[in-house]
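**Student:** Residue strings, one per chain:
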Amino acid sequence: MSVKLTASALAIAAVAATSAAARDQVQVAGSSTVLPYASIVAEAFGENFDFPTPVVESGGSSAGLKRFCEGVGENTIDVANASRKIKDKEIKACAEAGVTDIIEVRIGYDGIVFASDINGNEFAYTPTDWFLALSNEILMDGQMVANPNKTWADVNANFPAQALQAFIPGTKHGTREVFEDKVILAGCEATGAFDVLLAAAEGDTDKAKHKAAEKACISLRTDGVSVDIDGDYTETLARIESNKDGIGVFGLAFYENNTDKLQVATMSGIVPSTESIATGEYPVSRPLFFYVKKAHIGVIPGLKEYAEFFIADEIAGEDGPLAEYGLVSDPELTDTQNAVADEAVLGSNM
Amino acid sequence: MTDASQPTVPNSSLHILDARTKRRNAAESRFKLYGMIAIGIGLLMLVTLLTTILSKGTGAFTQTFVTMEVELLESKLDKTGERDLEKIKKVTTFGYAPLIKTAFEQTVETHGIDTDLKSKTMAKILSKSAASQLRDYVISNPDQIGQTIEFRFLANSRVDGYMKGRVTRDSIANDKNITAAQLDFVDQLIEVGALKKTFNIDFIIGADASDQRPEAAGIGVAMMGSLFMMLVVLALALPIGVAASIYLEEFAPKNWITDIIEVNISNLAAVPSIVFGILGLAVFINYMHLPQSAPLVGGLVLTLMTLPTIIISTRAALKAVPPSIRDAALGVGASKMQAVFHHVLPLAAPGILTGTIIGLAQALGETAPLLLIGMIGFIASNMPGTVGEGLLSPNSAMPAQIYEWAKRADPAFYERAWGGIIILLIFLISMNTLAVLLRRRFERRW
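Protein chains in written order, with this note's numbering: chain Z, 1 to 350; chain E, 1001 to 1446.
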C-alpha cells in the first residue's frame, strides 16, 4: 500500500512540477575546448548573480550546434559553445527548425599546440613537416605517391629517427578543422603538392577544382600513423603516456596545466604562449565562439546577463580569469560587448 | 576344495595405487591447482584494484587550508555605509580580491615572515574560491562589515599538490601557475602554522567546481542526484516489477504470448545500458518534453534498465516458495489472490528485496545512459532545496561526476575522481552487504 502511495505521489509531484515550473537556469552545450572557460564563467555567474548556476555540457562543437539547431523552446539549449565559426549549412539547418535569430559572440583566441612526452625528443616543426608526416599522398618527383614516411627522420633530416605516431582530434571536434586548415593545408601548399593536385582536380569551375584539391590535401593516411581521438585531451595525454613516441595535438590551456608531463614543440620557430598567439606570431590559433538563441532572451532568466558577463572586461579581459586559464583575449572585445548589448544577430550586418 | 576352485589372487592392492588411479588422482589435484590459480589471479586483481584506488583516492579527503584574518573594509564593500544588501551585492567577487591581498600583507607582518613576494603573488597560493567565500559571508552577515574576522581559505590545487607530494620543485619548472618562490612562502606559512592540511568535509558534501578551482570541488550534489534517481527507480521499478512478476508467475495462463513475454524480459536484461539512454532521450526528453539533465529523467531511464533484473529475481523468489503453501491456503478456502498476497509474497519478500537492492546498486553505478540525457558536464553546482527541485533541476550523478573529473585538464581533478570512486564503492559495498545480510537473516529453506 505504502509503496503504491509513494509511486503515485511521486508521479503527481513530477507532473505538477513539470507543468508549473519553467526552466530557470541557462543551458549550454558544445565544444570541449570552450567547456573549461564556460564552466569558469558559469561558476562566477552563479556566485555573483541571483540566477542559478548555468548548466554546461560538452560533446564537441558540431554536436553542440546540432542540439542548438533543434528548435526553439524550453527543452532545447540556449547557448552553443563552438571552437569554430558556425557553418552556412548549420545556419540553414537552424532556420529550418525555426532558430532564425542567432547572436554570435567571439570570446577570444585559443592556440593549438603540438606536445610530446616530457622526456622524449624535442621538435621544432613547420606545417610542411606535418603534411609530409600525415598526408595520405605526398609529392615526390612531380608525382603524387602514397606516403612512404615511417619516422620523423624520413620527414625532415634534422629530426631524430623516432617512429611517426600522431594523436589528432577526431572530426567532431572544431580543433580538427583548424589543424587541417592551418597546418596540413599550409604544408600542402608549401610543398607544392597543392598545385599538382589543383592541376589534376576535376570540377566544372575553378572554385570546385580548388575545393577538390583542398579536400585531397587534407585526406590523412589511414595506416595507423595518425590516430583520431574522439574523446577529450585527457585521452590524448593518456595515449602519449602509454606510447612515448606519440605526438599529440592539444589546446594551449590543457598543455599549460600539464607542463610536468608534456613538452611543447615550436611551430615555424615560435614557441606557443598567450603572448605569441595574441600578436599572431604563432600560426596555429583560432577564435572561440558561443552562439545565443535570441528567441530565448527574456524567456530563460539570466541568459542575456550570462552572455554579457562572459565577455565582460573583468572576465574575458587581459587580467581576467579566462586569460589566466589560457584564453588569449580578444583585442576587439569592446565591439563584441556592444554587439551583445544590442543583441545583434548573425547576418544583420551583412 | 581344490586348488582350481580357489579365486585367483589379485595382483594389485587397494593400498598400492595403479597407474590409472594415479593418473586420475593427478588430474584431480591438477584441477584443484587450476582452481586455486584462478582464485589467486582474481584476488590479485582485486588487491591491485583496491590498493590503486585507495592510494590514489585518499588524498581527495584531505585538503590544504590557509587560516588568516581578513579585515572586511567598509570602503571596499559598502561605500555608502547604508548596509543595503542590494548595494553590497553589486560588489562582485573581483572586488573582494584586494581584501585578500591586504590580509596577506598583515599575516606576513604579524607572523614576522621574511619574504620579497608581492601581495598579489602571495594571494595566488589561495584558491579562486576564497573571494566568493568572503562574499558569501558578507552577504549573509552584512553587519560584520568593518570587522576583522578569521577565515579558513582553501589553498590552490598546486599548493595542495605540493603538500601531498604530487607537485615537486622539479615538476613546476615550466608551470606558470606556481613558482618556486611561492613554494618557499608556503614553507614559511607551514612553519608559523597558518597553512595546514586537514580533513575536508566539503569533498563529501560540496558541489562541483570549475576547471580553475579543483580544490573546491566536491561530490555532495552529485550524490543527491544519485539519491533522487534511486528514489525514482525504487518507487517505479519495485511496484511495477513485483506486480508484473506476480501476474506472470501466479496468474498468467501458460501460452505462447506469455512465453514471448518471458523471453523478452530475459533479453531486456542483457540489453546494453546505452540503448536505454538513447531511448530515454527520444521518449522522455524529445517526445514528453521532460527537462534535460534532470534526475527524474535519469531515474526513469534507470528504471527501464533495472526492471528486468527485479522481475527475474522476483520470479525466482516466487518460484522458490513450495506449492504446498499455496495448496494449503487454497485448501482452507483462501482465494487465489489471498493465497498469493497473504502467504506466498511474504515468504518471497527476502528474495525480492535482495534482488531489488542488487538492481539498485547496478543502477547506481551506471554512467552510459546518463551521457545522453545531459547529466555529464559542469552541472552539479546547485544543491537542490526541495524534493521537486531535486527531481527536476539539473544535476549529475556520482559515476557521471567521476567520469567528468577524470576528463578535466588539471591533475588535481584526477585525484578527486579516485576519491569519488572510493565513495561510490562504499555505497555499492554497503548495499550489497545489506542484500547479503537480509538474505541470511530472512531466507527460509524448504
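Calculated from the structure, these hints are not laboratory results. Cβ coordinates follow ideal geometry from the N, Cα and C atoms, glycine included. Mixed in with the good hints there might be a few duds.
If you want the ones that stay clear, here's a sample from chain Z, every Cβ over 10 Å from chain E, calculated [what the hints assert, rightly or not]:
no., residue
1, Ala38
2, Ser39
3, Phe159
4, Asp260
Below, computed lysine-lysine pairings styled on BS3-like, alpha-carbon distance capped at 30 Å [to be verified]:
no., chain 1, residue 1, chain 2, residue 2
5, E, Lys1090, Z, Lys304
6, E, Lys1090, Z, Lys294
7, E, Lys1176, Z, Lys261
8, E, Lys1176, Z, Lys304
9, E, Lys1079, Z, Lys304
10, Z, Lys261, E, Lys1056
11, Z, Lys87, E, Lys1090
12, Z, Lys261, Z, Lys87
**Student:** Enumerate the violated hints, using their earlier numbering and listing them in ascending order.
**Tutor:** The structure conflicts with hints 1, 2, 4, 8, 11 and 12, although it agrees with all the remaining ones.
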